[in-house]
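J.: Chain by chain, the residues run as shown.
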Amino acid sequence: MANIMVRKDAAGAYSFYLPKRDLEDAIVKMEFDSAEKWGGEIRLNNGGAYYIEPQAAPARFPISLRAKRLDAAE
Amino acid sequence: MSALTREETEALIQEVLEVYPEKAKKDRAKHLAVNDQTVEQSKKCITSNRKSLPGVMTIRGCAYAGSKGVVWGPIKDMIHISHGPVGCGQYSRAGRRNYYVGVTGVNTFGTMNFTSDFQEKDIVFGGDKKLAKLIGEIETLFPLHKGISVQSECPIGLIGDDIEAVSKKAAKEIEKPIVPVRCEGFRGVSQSLGHHIANDAVRDWVLDKRDGANFESTPYDVSIIGDYNIGGDAWASRILLEEMGLRVVAQWSGDGTIAEMELTPKVKLNLLHCYRSMNYISRHMEEKYGIPWLEYNFFGPTKIAESLRAIAAHFDDKIKEGAEKVIAKYQPMMQAVIDKYKPRLQGKTVMLYVGGLRPRHVIGAYEDLGMEVIGTGYEFAHGDDYDRTIKEMGNATLLYDDVTGFELEEFVRRMKPDLVGSGIKEKYVFQKMGIPLRQMHSWDYSGPYHGYDGFAIFARDMDMAISNPCWSKQTPPWQKQPETEELKKAA
Ligand code: SF4
Numbered sequence: 017m018a019n020i021m022v023r024k025d026a027a028g029a030y031s032f033y034l035p036k037r038d039l040e041d042a043i044v045k046m047e048f049d050s051a052e053k054w055g056g057e058i059r060l061n062n063g064g065a066y067y068i069e070p071q072a073a074p075a076r077f078p079i080s081l082r083a084k085r086l087d088a089a090e
Numbered sequence: 003m004s005a006l007t008r009e010e011t012e013a014l015i016q017e018v019l020e021v022y023p024e025k026a027k028k029d030r031a032k033h034l035a036v037n038d039q040t041v042e043q044s045k046k047c048i049t050s051n052r053k054s055l056p057g058v059m060t061i062r063g064c065a066y067a068g069s070k071g072v073v074w075g076p077i078k079d080m081i082h083i084s085h086g087p088v089g090c091g092q093y094s095r096a097g098r099r100n101y102y103v104g105v106t107g108v109n110t111f112g113t114m115n116f117t118s119d120f121q122e123k124d125i126v127f128g129g130d131k132k133l134a135k136l137i138g139e140i141e142t143l144f145p146l147h148k149g150i151s152v153q154s155e156c157p158i159g160l161i162g163d164d165i166e167a168v169s170k171k172a173a174k175e176i177e178k179p180i181v182p183v184r185c186e187g188f189r190g191v192s193q194s195l196g197h198h199i200a201n202d203a204v205r206d207w208v209l210d211k212r213d214g215a216n217f218e219s220t221p222y223d224v225s226i227i228g229d230y231n232i233g234g235d236a237w238a239s240r241i242l243l244e245e246m247g248l249r250v251v252a253q254w255s256g257d258g259t260i261a262e263m264e265l266t267p268k269v270k271l272n273l274l275h276c277y278r279s280m281n282y283i284s285r286h287m288e289e290k291y292g293i294p295w296l297e298y299n300f301f302g303p304t305k306i307a308e309s310l311r312a313i314a315a316h317f318d319d320k321i322k323e324g325a326e327k328v329i330a331k332y333q334p335m336m337q338a339v340i341d342k343y344k345p346r347l348q349g350k351t352v353m354l355y356v357g358g359l360r361p362r363h364v365i366g367a368y369e370d371l372g373m374e375v376i377g378t379g380y381e382f383a384h385g386d387d388y389d390r391t392i393k394e395m396g397n398a399t400l401l402y403d404d405v406t407g408f409e410l411e412e413f414v415r416r417m418k419p420d421l422v423g424s425g426i427k428e429k430y431v432f433q434k435m436g437i438p439l440r441q442m443h444s445w446d447y448s449g450p451y452h453g454y455d456g457f458a459i460f461a462r463d464m465d466m467a468i469s470n471p472c473w474s475k476q477t478p479p480w481q482k483q484p485e486t487e488e489l490k491k492a493a
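So the protein lines, in turn, are chains A and B.
To convert a position in the first sequence, counted from 1, into the numbering used here, add 16.
To convert a position in the second sequence, counted from 1, into the numbering used here, add 2.
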């Protein structure tokens, strides 16, 4: 499990930040993205993948979360 | 000699790599690249933030340098103890020229060096007692200080001292904040991790101390984050923001105080100049306090105007008008500077190798003078820095990450720029080669370079370096003809 931060920019696109490794990247795919169910498997632009426990969509961004690494790029 | 083609630049990289043994070659090749503006993601072309190769000359610093030297050091009303042996603090003392107002030794302490001066017995028996004693002495000798930070040098982590416990206890006794920072030099691959650790220490020990406290805010409160007031940079930036109608609540950390840091969560917008060293705390404030942050660039009139407008876009019409007024007011001044220097500098080429934000931020300022940046690189950047750089640099220009002494010399020798912007360690090598160098870490004892006032100084300095007639009269010592030596002997 890793601590990550998810941001949402003005255009509504999500980006991913892993403070431990200072890795910033765009989230290209998010499994669930609705008000009731949000999260699941996320894919990064660099090819990496993480899993966020599906939950209600956070009211405010950025938000720090715990995520499981499924497949790290590099 | 600018404008190498892509193939030529690639060939150059290959040639330079030729001297390395196979393994080193493979590793270094990943850190050198030819810029391609079509690449969206820098990691496809350049690797960064990796451990330097043993055996090469790297120009990086350590985590302690990143924390004490960069982030914490400039906070002027705190005393920063270089905890460990005397050298780390003494040899880096006041080298960064973070200007501040105040009476040194009375209410400000920026250029002083405080150290616990570890001796053998402290390594053997631990230094916690010494630290506690030192804090007591500081309190007696410098009663006007507003707080203390304990900047760990390598041995602290190695011998396992508990500086947190000492700090907590002593802070109660003297009733001032004491911040232990675990920035031992061996952590991470460069000073970059030191920045991160320092940011985390600010977050954990300083930032929330005035949450809920009374503060008369205005809708125009901003803070300047990541400006270290080198040669007065933050002052030259601050006046522009104030002129356009904003209120600058805090300066991080050049000429800054701990009170300003504690008040930063009250601002409406964080203005981030050095992204590399302070994005961490900006992200934290965005999440915890909902304060947006904005990267800006105050090098050269083009970028300044762009940045002022971008900043104003976060506020109402009053500020937007203010920004336009500021731009219009300085425009004739800037035109005069450009008219004076551009004819002399037009078409000249520059290669940069610095840290933090400069390898990309100053490009615009050079372009305002008609100069071209043909190579750039960072000491300790991460992927996101290169993402931002690729767009700023011309196509087919050279990018080098954590460049070694040898590579940089070789690149400069082949590409023959008219100016190199780098650090003091590189300065004399290139000047002996007959290539002028401006030391771009602390502006070669000049500055400020930020803001409109700074640009005038920047232009003058670059002109002074390049147009100096001495460079063509220089023969590097290693190119002196042996005959002349013998002739001298004979004479
Ligand atoms: S690496 Fe360690 S010993 Fe060297 S300057 Fe940094 S803190 Fe001091």
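Please keep in mind that the hints were generated in silico from the structure rather than gathered at the bench.
Glycine included, every Cβ here is placed at the ideal spot set by N, Cα and C.
Please note that a few of the clues may not be correct.
[What the hints assert, rightly or not] Computed list of chain B residues with no C-beta within reach of chain A, every gap over 12 Å:
1) K46
2) R278
3) S448
[Unchecked claim] Between beta-carbon pairs, the in silico distance windows are:
4) B:G107 - A:R76: 42 to 50 Å
5) B:Q481 - A:G63: 48 to 56 Å
6) B:Q337 - A:K45: 15 to 23 Å
J.: Work down the list of hints and note, for each, if the structure agrees.
T.: Against the structure, the hints:
1. K46: With a cut-off of 12 Å, K46 (chain B) comes too close to chain A, as the shortest Cβ separation is near 9 Å.
2. R278: violated (10 Å)
3. S448: At roughly 32 Å from the nearest Cβ of chain A, S448 (chain B) sits farther out than 12 Å, so the non-interface label holds.
4. B:G107 - A:R76: 42 to 50 Å: At 46 Å between Cβs, range holds.
5. B:Q481 - A:G63: 48 to 56 Å: holds (49 Å)
6. B:Q337 - A:K45: 15 to 23 Å: violated (49 Å)
Hints 1, 2 and 6 from the list above are not met by this structure, while the remaining hints are.
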